[in-house]
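Colleague: In case you want the letters, here they are:
Number of protein chains: 2
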Amino acid sequence: MSIALDVMGGDLAPKIRLDAAEKAVKEDKISLVLVGDEKIIKTYVDKHKLPSSLIEIVPSTQTVEMGDSPIQVVRQKKDSSMRVCFDLHTSNHVSGLVSAGNSGAMVAHSVLLLKLYPCIERPCFSVFIPKRESQSFLLCDAGANVDCTVKQLVQFALLGSLYLTGLHERKRPKVGLLNIGAEDNKGNVVAKNTFDTLSALETNEFEFIGNLEGKEVFESDVDILLVDGFAGNIFLKSIQGAVKYFYYNFKREVHNGSLIEKASVYLLKNLFKRITNRIDYSNFSGAPVLGVQGNAFVCHGGSNAQAIYNAIKVACWAEQENLSERMADKLSTIEIQKILC
Amino acid sequence: MSIALDVMGGDLAPKIRLDAAEKAVKEDKISLVLVGDEKIIKTYVDKHKLPSSLIEIVPSTQTVEMGDSPIQVVRQKKDSSMRVCFDLHTSNHVSGLVSAGNSGAMVAHSVLLLKLYPCIERPCFSVFIPKRESQSFLLCDAGANVDCTVKQLVQFALLGSLYLTGLHERKRPKVGLLNIGAEDNKGNVVAKNTFDTLSALETNEFEFIGNLEGKEVFESDVDILLVDGFAGNIFLKSIQGAVKYFYYNFKREVHNGSLIEKASVYLLKNLFKRITNRIDYSNFSGAPVLGVQGNAFVCHGGSNAQAIYNAIKVACWAEQENLSERMADKLSTIEIQKILC
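Top line first, the protein sequences correspond to chains G and L.
Using numbering that gives the first Met the number 0, the first residue of the first sequence is number 0, and each one after it goes up by one.
Using numbering that gives the first Met the number 0, the first residue of the second sequence is number 0, and each one after it goes up by one.
Hint data in this document are derived by calculation from the structure and do not stem from the laboratory.
A few of these clues could be false.
No copy labels: a pair is met if it fits in one copy or bridges any two.
Cross-link-like lysine to aspartate or glutamate pairs, in silico, DMTMM-like; alpha carbons within 20 Å at most [stated by the list, open to error]:
{"hint": "1", "residue 1": "LYS272", "residue 2": "GLU182"}
{"hint": "2", "residue 1": "LYS22", "residue 2": "ASP183"}
{"hint": "3", "residue 1": "LYS272", "residue 2": "GLU252"}
{"hint": "4", "residue 1": "LYS14", "residue 2": "GLU64"}
{"hint": "5", "residue 1": "LYS250", "residue 2": "GLU324"}
{"hint": "6", "residue 1": "LYS25", "residue 2": "ASP220"}
{"hint": "7", "residue 1": "LYS272", "residue 2": "GLU260"}
{"hint": "8", "residue 1": "LYS46", "residue 2": "ASP36"}
{"hint": "9", "residue 1": "LYS173", "residue 2": "GLU132"}
{"hint": "10", "residue 1": "LYS243", "residue 2": "GLU132"}
{"hint": "11", "residue 1": "LYS191", "residue 2": "ASP67"}
{"hint": "12", "residue 1": "LYS250", "residue 2": "GLU218"}
{"hint": "13", "residue 1": "LYS243", "residue 2": "ASP220"}
{"hint": "14", "residue 1": "LYS130", "residue 2": "GLU252"}
{"hint": "15", "residue 1": "LYS243", "residue 2": "ASP279"}
{"hint": "16", "residue 1": "LYS130", "residue 2": "ASP220"}
{"hint": "17", "residue 1": "LYS191", "residue 2": "GLU64"}
{"hint": "18", "residue 1": "LYS250", "residue 2": "ASP279"}
{"hint": "19", "residue 1": "LYS250", "residue 2": "GLU260"}
{"hint": "20", "residue 1": "LYS214", "residue 2": "ASP78"}
{"hint": "21", "residue 1": "LYS250", "residue 2": "GLU215"}
{"hint": "22", "residue 1": "LYS130", "residue 2": "GLU218"}
{"hint": "23", "residue 1": "LYS250", "residue 2": "GLU132"}
{"hint": "24", "residue 1": "LYS191", "residue 2": "ASP146"}
{"hint": "25", "residue 1": "LYS28", "residue 2": "GLU64"}
{"hint": "26", "residue 1": "LYS77", "residue 2": "GLU64"}
Predicted, not measured: the structure shown is a model, and the values here were computed from it.
My request is simple: use the sequences and hints to build the entire structure.
Modeller: Next comes the structure, spelled out in structure tokens:
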């Protein structure tokens with residue numbers, strides 16, 4: 000089956016989206032349904048000679064803007080490119096969807112149209128973030144759910160574990176709580192109570208390794224970094240900001256530096272490119288909306304074509320692996336159902 | 000008057016603390032009261048020939064550990080080095096204090112012993128963070144108050160403004176709300192309501208410039224970055240973690256790199272030192288506990304001697320400028336008192 004791609008959503012739409020589509024179609028023979036402004040899409044498809052056997056265009060007349068209210072969008076923009084992607088998914092015309100649009104609207108559409116798994120109260124975004132030794136950890140929640148209860152956070156730990164186990168076959172992933180100190184009694188009320196609940200929980204699905212601070216997560220052995228969507232999103236964007244700021248300082252120092260320093264930096268161009276490839280957020284793939292019955296992937300609004308392309312590939316993989324159904328089956332059987340319901 | 004220095008608190012005590020004391024005494028002729036293990040302090044003072052005219056040693060027999068419960072510490076460790084510093088301040092033996100100990104205990108001691116300004120509900124930590132063009136912004140709250148109400152956040156904006164106006168003579172500082180999106184309707188319930196309250200507030204003390212994301216704060220014109228102490232502390236430590244991770248990747252790439260790359264990096268040693276000096280968190284000075292009637296400065300547990308030294312200097316400056324009293328006077332007169340009470 001195909002993957003629906005929201006061509007209109009996000010800061011740099013639609014060119015970046017279509018570049019990603021071209022790569023997925025030409026390099027991986029992935030079948031795509033492109034949703035958005037018909038004329039723009041058709042012009043691109045013709046110009047870049049995308050094979051008609053792998054491309055379907057579904058027109059939509061509306062676009063979800065970044066400032067739109069999520070609930071109003073669901074009610075009022077029924078022909079938005081994002082909504083049409085969801086409709087194609089719920090009618091089984093596609094097996095998954097990718098959008099880099101308004102993330103609140105992605106949550107609202109996911110919950111109202113795809114529906115949550117039984118017992119799951121809220122969905123979460125889970126983003127892979129690179130860490131030492133070429134490994135990565137999964138940030139849950141990266142921003143879907145800004146006011147979390149303890150129960151919801153425990154559910155996110157479980158959802159992340161099932162996703163990771165399905166994706167990477169990591170056995171019993173290590174869950175750490177992103178907090179303001181490593182000691183047991185740190186954090187706000189929700190973090191403290193989540194710590195207590197996870198410490199007392201006996202489960203084979205994941206291992207709780209306690210609190211982690213932002214300064215140590217990149218060198219820790221955490222697999223899933225658990226935090227509410229407000230602090231989680233701030234974490235995600237702050238590390239982006241910090242790396243950008245580092246580069247700014249670097250450029251400034253080079254600009255003011257000696258000739259030898261300028262020449263040395265020139266010789267390090269490839270080395271910096273290798274680092275950037277590893278840590279640049281815009282290269283990361285999309286985040287699944289975990290907890291809903293379907294394959295919806297959200298990308299950062301400023302994603303580049305590589306990131307959208309990566310998300311399309313993960314959405315394909317999720318279909319091939321039957322991930323959503325397998326997660327639902329697993330959820331219905333595991334011991335800690337008492338936590339979930 | 001003197002500044003009291005908690006020699007025992009923090010991860011690297013007491014050596015680092017005493018190195019900072021030596022620098023402050025020898026370079027700036029600052030008069031210090033060193034509080035902690037008498038034998039350790041005396042040995043250091045004798046060995047390093049610190050002038051007795053500027054040094055007083057006040058022994059204490061207990062130490063606040065990083066995992067100690069703040070309230071229990073205040074009740075039970077009445078001879079901790081931190082507590083003795085506060086007692087010296089409340090009895091006017093010193094004009095301020097610096098500690099790199101347990102930050103929760105710093106808040107508890109500040110509130111219970113120094114007392115809050117009338118109308119102020121909670122204190123906040125305010126940390127200077129460097130940004131572009133060699134400027135900096137003040138993060139309020141950096142971790143004193145993890146569960147904030149809207150009213151408390153508005154109070155922090157005001158406290159930060161008064162501090163900044165007193166310190167840098169910046170007129171009407173720009174206050175931005177650290178949030179998960181730049182649009183008006185973003186964030187958790189507290190962030191949304193704080194946005195609405197600040198947008199409606201008419202005050203000459205600061206200008207509210209709206210929401211800011213972590214990825215853009217370093218290049219924004221914000222003077223005060225407002226956020227609850229939970230997300231604020233996560234922001235602070237995450238940027239530290241990100242920079243450390245960048246350096247890790249850099250070292251790894253150099254290690255695996257070509258001979259030319261290795262040589263180029265060697266030639267850039269001084270350039271990297273210049274950048275590190277600007278962005279290394281351990282170099283930052285201490286954060287004042289804003290909102291209390293006194294001069295209490297908290298440093299990060301992992302601070303180096305330079306950071307502690309910087310904090311001692313700021314504490315001295317605060318005394319010379321009569322900052323705490325001036326802030327109290329100002330608070331009692333300003334128009335937005337209706338917000339405060």
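Colleague: Okay, which hints does this one fail, numbers in order?
Modeller: Violated hints: 1, 2, 5, 6, 20 and 25; rest satisfied.
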